[in-house]
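In case you want the letters, here they are:
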Amino acid sequence: MAAPATSPVAPAPKTNRIGLQVLDYRGGKTTLCAGCGHNAISERIIDAFYEMGVAPERVMKLSGIGCSSKSPAYFLNRSHSFNSVHGRMPSVATGAVLANRTMNALAVSGDGDTASIGFGQFAHLMRRNLPLIYVIENNGVYGLTKGQFSATADVGSKLKTGVVNDLPPIDMCIMAVELGATFVARSFSGDKKQLLAMLKAAIAHKGTVILDVISPCVTFNDHEGSTKSYKHMQAHEEAIAEVGFVPHFEDIAVDYDPGTTYDVTMHDGSHLRLRKLHENYNPSDRISAVNALMEANQRGEVLTGMFYIDTKKPDFTQLLNMVDEPLATLPESCVRPSRETLEQIMESLR
Amino acid sequence: MSENVAEGLPATQQAGAAPRKPVVNDFSIQAATVNGSGSQSANSVLLRTIFRMGIPVSGKNLFPSNIAGLPTWYTIRASRRGYVARKKELDILIAMNPETAKEDVLSLPPGAVAIHDQSVDLQQYRADVICYPVPFDKLTAAVCPEAKLRKLVRNMVYVGVAAQLFAMDMACLEKELRRQFAKKVKAAELNWAAVQAGYQYAKESLTKRDPFVLERMHATDGKIIIDGNAAAALGAMFAGVTVVTWYPITPSSSVVEQLIDYMRKYRIEPDGKATFAVVQAEDELAAIGGVFGAGWAGARAMTATSGPGISLMAEFAGLGYFAEIPGVIFDIQRVGPSTGMPTRTMQGDILSIAYLSHGDTKHVMLLPGSVRECFDFGMAAFDLAERLQTPVFVLSDLDLGMNNWMSEPFEYPDKPLDRGKVLTAEQLRAAGGFARYRDVDGDAIPYRTLPGTDHPMAAYFTRGSGHNDRAQYSERPDDYEGIMERLARKFETARTLVPQPVTVQNGRSKIGIIAYGTSDFAVLESRDQLLKEYGVDTDYLRLRAFPFSAAVHRFIESHERVYVVEQNRDAQMLSLLKLDLPAEQTTKLRSIRHFNGLPIDARSVTDAFVFQEEI
Chain A
1 MAAPATSPVA PAPKTNRIGL QVLDYRGGKT TLCAGCGHNA ISERIIDAFY EMGVAPERVM
61 KLSGIGCSSK SPAYFLNRSH SFNSVHGRMP SVATGAVLAN RTMNALAVSG DGDTASIGFG
121 QFAHLMRRNL PLIYVIENNG VYGLTKGQFS ATADVGSKLK TGVVNDLPPI DMCIMAVELG
181 ATFVARSFSG DKKQLLAMLK AAIAHKGTVI LDVISPCVTF NDHEGSTKSY KHMQAHEEAI
241 AEVGFVPHFE DIAVDYDPGT TYDVTMHDGS HLRLRKLHEN YNPSDRISAV NALMEANQRG
301 EVLTGMFYID TKKPDFTQLL NMVDEPLATL PESCVRPSRE TLEQIMESLR
Chain B
351 MSENVAEGLP ATQQAGAAPR KPVVNDFSIQ AATVNGSGSQ SANSVLLRTI FRMGIPVSGK
411 NLFPSNIAGL PTWYTIRASR RGYVARKKEL DILIAMNPET AKEDVLSLPP GAVAIHDQSV
471 DLQQYRADVI CYPVPFDKLT AAVCPEAKLR KLVRNMVYVG VAAQLFAMDM ACLEKELRRQ
531 FAKKVKAAEL NWAAVQAGYQ YAKESLTKRD PFVLERMHAT DGKIIIDGNA AAALGAMFAG
591 VTVVTWYPIT PSSSVVEQLI DYMRKYRIEP DGKATFAVVQ AEDELAAIGG VFGAGWAGAR
651 AMTATSGPGI SLMAEFAGLG YFAEIPGVIF DIQRVGPSTG MPTRTMQGDI LSIAYLSHGD
711 TKHVMLLPGS VRECFDFGMA AFDLAERLQT PVFVLSDLDL GMNNWMSEPF EYPDKPLDRG
771 KVLTAEQLRA AGGFARYRDV DGDAIPYRTL PGTDHPMAAY FTRGSGHNDR AQYSERPDDY
831 EGIMERLARK FETARTLVPQ PVTVQNGRSK IGIIAYGTSD FAVLESRDQL LKEYGVDTDY
891 LRLRAFPFSA AVHRFIESHE RVYVVEQNRD AQMLSLLKLD LPAEQTTKLR SIRHFNGLPI
951 DARSVTDAFV FQEEI
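From first to last, the protein sequence lines are chains A and B.
Going by this note's numbering, 3 is the number at position 3 of the first sequence; the sequence numbering is gapless.
Going by this note's numbering, 661 is the number at position 311 of the second sequence; the sequence numbering is gapless.
Be careful, since some hints might not be right.
Straight-line alpha carbon distances no greater than 25 Å define the calculated DSS-like cross-link-like pairs of lysine-lysine that follow [claimed, not checked]:
(1) K206(A) - K498(B)
(2) K146(A) - K231(A)
(3) K488(B) - K312(A)
(4) K313(A) - K623(B)
(5) K536(B) - K438(B)
(6) K14(A) - K192(A)
(7) K488(B) - K498(B)
Per the computed footprint, the stretches of chain A lying under chain B, defined by three or more beta-carbons under 8 Å from a beta-carbon of chain B, are [claimed, not checked]:
(8) 113–124
(9) 134–143
(10) 163–174
(11) 272–284
What the hints contain is simulated information worked out from the structure, not anything from laboratory work.
Beta carbons are placed, not taken as given, at the ideal position from N, Cα and C, and that holds for glycine.
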């Protein structure tokens, strides 16, 4: 049917700096529960990659097993994705990044993957400073197996069934700082502004990013007595600093007060602006980061914000002194030594 | 070659008036030492000197799972007929370890030789053994003033004694010794002096009473000596491997260690950058995870491990199979189960790898039977993994991997790398998209794309969960069946692509033998024994891969009885064959097994064969 002559001209769809619409960053329809924190995180991931103008074809998504690890199906459909094995995403990601260092690697795993079955792989990933964004969708329970405690559940936290956790939680931000990650932050799935700024800064970073996002499980861990519920987070979230991010392709309009704000220049020329909300906050000092986290844990508060950043430490691909091109597609002439080389080796064995 | 060489012997040896006919180029020497005492260098010089004299030779290191201070034995076999399997009977013992000397000499057959320190009297245990006592400490002290080096130099004295007694070519020996210590001139001089001291002592003070002598041949001209792990490493390098993720485990570590050495030499760009990445992972789970991550992203990726590592890799192996990701796994088999005997050999991972992981899984296995095949299959594995989009396992073992073997030099590949069915952005533009798991060509091998392919339709979602042919999550019965049926058909395609068996068939024999890997050496020798000693002519098929090709079925079909020779308790390959054969043929299979941790020898095969055939 022809459009009426009087209808207004549809406005050109909004696009980002590489001419893509936000639609180009979407994924399949989520199959997670309505209200799941993970869905909000997926939305922020879409926004962050759209706003940063990263071509989705230049991203690879990696995940383990669990509700969180299913979520890469719900964003960035135009990116290759690998939903691997429980707790082993870090090793898969390591292989993938080494095979093609030119890609942006975005990893998503849960607290079960990260703090329990895959704790070893998590630790060694941190040590290597592999260039990768690792989003931990942290809800303190195993959702897919119907609500058992995970290793990030707080002491005294209660299951719906009344079972109380009496084992100490693993704080993955403290671990990450200790083990060598170069970008360590915590956010809350309900804090749109902070999470989006962190994700954009993460995209600008070159090295291992650990983003521990408290993401309430509405089905198994959002009740009275849980310390990972929306209500608990609203009452106990305490930001260590206000996170602002200015991408490299935008002008920095606002001045800042060096007495109250840290300005971090990222690898790609973007700026991270961190306005102190805490005494003794110093995001370039690992000891003060760990101190702040441990103190907040003692007070029963959930500290969020940017805890630690190091933009100077070489990432794993630099340490390995690899060629700039993807190893995956190096031509035969680069990867198969010559006939003369084989002859020479054979001669040395005679 | 003359059987009677007495005339050619030095006067001192003739004076001994050997009671038996000379035994030329056909005996084995065992040096019993303590690990950590530098005996490796001495044994390597002995081995290479015999090789340099043109005589076919093989060496086997029997060592403990320990760093220093425990008994170690090194056996060298010279064989003018070219047999390289372990020889069951020892002819010459060099008893350098007082802890084991008695036990060692008691194990010798009558008429054997024992070279030993004069401080121990071995003759008292065995009147029927020819003993040559040598004052090792005195001879060593005379050439090595530095007391702390004497432990290391002492072993070189026995090299000199053996050289004189068994008529080794001293020019060859000196050349090999200087090659051994190429980077250490002082050490070379010291060791050469020790060799000469031993030689001189034997010449002046020992009277040869044994029949064993070496005589120059030309059977090793142009050949190389290499261990299987180095050969596999070379295969991987010439296959263009780019990502290596591994976890150290005996006896596989030297695959990757030697690969690193080679790649640092031959795979660095002019600007100093590496065309590879090697990661020592935190465990075998991470090692195999790295392989599939890299393989998924398009790299030629590998790991090397042994039995315990294979067990840990089981879950990922299923992912690689089901999600169809290339990857190469070298398994240098050792004795299991559990920790087992880490420094002893076994063909024990056949069944566990064939079906590694839960659910319906089947894996491609390549079975190298020589160092040459470690190289060739090391290369082929990468082509097959990418062509078939599946994990490919290369099953070597400790015997092949860690021992030195003679070989024809390796040949440069005559075909370019086969990178398999990978769609480019241009192909996607022409086709308008693709279905990751659809059988387009009828060979059950689908097309894949690599991350970074610049086309909006390039991406797909890789998962180990149920999926349809568009790589979408699915629990639909028909989707699952479709994928699994296609994977089974893909395995049929693999049958036609893997290395075919090697067959020796005369068209008359009713009895066939099947073997694989390092069992081949013993079977080749055993077949000669059976023919010579019992007049039994056998046909032979050496398996080189799983899935089995049609030729294997035909071989079994055309014989009345087929003996499957292997180095494990449970007849693992025989079991695998049974699963693949029509029921009426499975009754033809007989089993010969050897599983004490030592490499299989021909006599054991012959005896077991003769027993079962009731000859």
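Starting from the hint list further up, note which numbers the structure goes against and sort them upward. Hints 1, 3, 5, 9, 10, 11 not satisfied by this model.
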